[in-house]
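Undergrad: Given next are the chains, with one letter for each unit.
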Amino acid sequence: DSGVTQTPKHLITATGQRVTLRCSPRSGDLSVYWYQQSLDQGLQFLIQYYNGEERAKGNILERFSAQQFPDLHSELNLSSLELGDSALYFCASSVISGGTDTQYFGPGTRLTVL
Amino acid sequence: GEDVEQSLFLSVREGDSSVINCTYTDSSSTYLYWYKQEPGAGLQLLTYIFSNMDMKQDQRLTVLLNKKDKHLSLRIADTQTGDSAIYFCAEMADSGGGADGLTFGKGTHLIIQP
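Read top to bottom, the protein sequences are chains A and B. First residue of the first sequence? That's -11 in the numbering used here, and the numbers climb one at a time after it. First residue of the second sequence? That's 867 in the numbering used here, and the numbers climb one at a time after it.
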């Protein structure tokens, strides 16, 4: 158990809908990262937040957004969902941004878009 | 751009050593990681190595880094059935203000033969 929690574990929805994925980092970790794992693209970095502020963006679509709240939990919002958005979405957390920190991953949320 | 390459499959006999290889292209990579993913599970951090190191050993795991050739390997001694999983190589580049998200390879499926 990495100490990173994600809810829900599974999510099934329809095209065009909007969903919110939630992540609670390990106690004491300030950075939260979101990744998408799909069969065709593999594991891709989406976005990072550090202590409530957006720190870095990866291959995140404009239909996707995220935020980190004062209690450091984070939410990833996916809107206008398409079939191709079906994937495993992982959250990871680390103590600091960059440097010697290492990222610990949550169990993931499996999103199925029908 | 950043790219991490791994072989897709590796088959070894139980009790033998497994060697999983990875090459990367970003010469500014500061940290290189090995993660393990079992079926239906999240990513488990196995070990990491800083770019100024050549080798790191942790129990049955040995990581070798050839920075000149941008080649990383993970050796698992006395491979057991419980080692059956997908192993991901990942790099974190020196962000210099850029993304601190990890760049992952496609993963190597380690198959253990009895």
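Fair warning: there could be bad hints in the mix.
Unchecked claim - Looking from chain A toward chain B, a few residues come up when the C-beta cut is under 10 Å (computed):
(1) Q(-6)
(2) Y23
(3) F33
(4) G46
(5) F52
(6) L76
(7) Q91
Said to hold, decoys possible - With a straight-line cut-off of 30 Å between C-alpha atoms, the simulated DSSO-like cross-links for lysine-lysine are:
(8) K933(B) / K45(A)
(9) K922(B) / K936(B)
(10) K45(A) / K936(B)
(11) K972(B) / K933(B)
(12) K933(B) / K922(B)
(13) K922(B) / K(-3)(A)
(14) K45(A) / K(-3)(A)
(15) K922(B) / K972(B)
(16) K922(B) / K934(B)
(17) K934(B) / K972(B)
(18) K936(B) / K972(B)
(19) K45(A) / K972(B)
Simulated from the structure, these hints should not be mistaken for lab results. Just so it is clear, the structure is predicted and the values come from calculations on it, not from any experiment. By construction, the Cβ of each residue, glycine as well, lies at the ideal position given by its N, Cα and C atoms.
Undergrad: Take the hints in turn and mark each one as holding or not.
TA: Each hint tested on the structure:
Hint status for Q(-6)(A): holds, given a least beta-carbon distance of 8 Å to chain B, under 10 Å. Because the closest C-beta pair between Y23(A) and chain B is about 7 Å apart, less than 10 Å, the hint holds. Nearest Cβ of chain B to the Cβ of F33(A): about 3 Å, under the 10 Å cut. The hint holds. With a cut of 10 Å, the hint placing G46(A) at the interface with chain B holds, because the nearest CB-to-CB distance is about 5 Å.
At about 14 Å, the closest approach between the beta carbon of F52(A) and any beta carbon in chain B exceeds 10 Å, and the interface hint on this residue is violated. Hint on L76(A) holds. Least Cβ distance to chain B is approximately 9 Å, under the 10 Å limit. Annotation: interface hint on Q91(A) holds; nearest CB of chain B at approximately 6 Å, less than 10 Å. A hinted pair counts as satisfied when its Cα atoms are at most 30 Å apart, and K933(B) with K45(A) qualifies at roughly 27 Å.
Restraint check for K922(B) and K936(B): satisfied, since their Cα atoms lie roughly 16 Å apart, inside the 30 Å limit. Taking the CA atoms of K45(A) and K936(B), the gap is about 25 Å. The hint holds against a cut of 30 Å. Between K972(B) and K933(B), the direct Cα distance comes to roughly 21 Å. Compliance with the 30 Å bound is thereby established for this hinted pair. Restraint check: the Cα-Cα separation between K933(B) and K922(B) comes to about 14 Å, which is no more than 30 Å; the hinted pair holds.
The hinted pair formed by K922(B) and K(-3)(A) fails the criterion: a straight-line CA distance of about 35 Å is larger than 30 Å. A distance of roughly 24 Å separates the Cα atoms of K45(A) and K(-3)(A); the hinted pair therefore holds under the 30 Å criterion. In summary, the hint linking K922(B) to K972(B) is supported, as the alpha carbons are separated by about 23 Å, within the 30 Å threshold. Annotation: proposed proximity of K922(B) to K934(B) holds, straight-line Cα distance about 17 Å (limit 30 Å).
Only pairs whose Cα atoms come within 30 Å are accepted, and K934(B) paired with K972(B) is accepted, the gap being roughly 22 Å. A distance of roughly 17 Å separates the Cα atoms of K936(B) and K972(B); the hinted pair therefore holds under the 30 Å criterion. Restraint check for K45(A) and K972(B): satisfied, since their Cα atoms lie roughly 20 Å apart, inside the 30 Å limit.
Hints 5 and 13, counting from the list given before, are not met by this structure.
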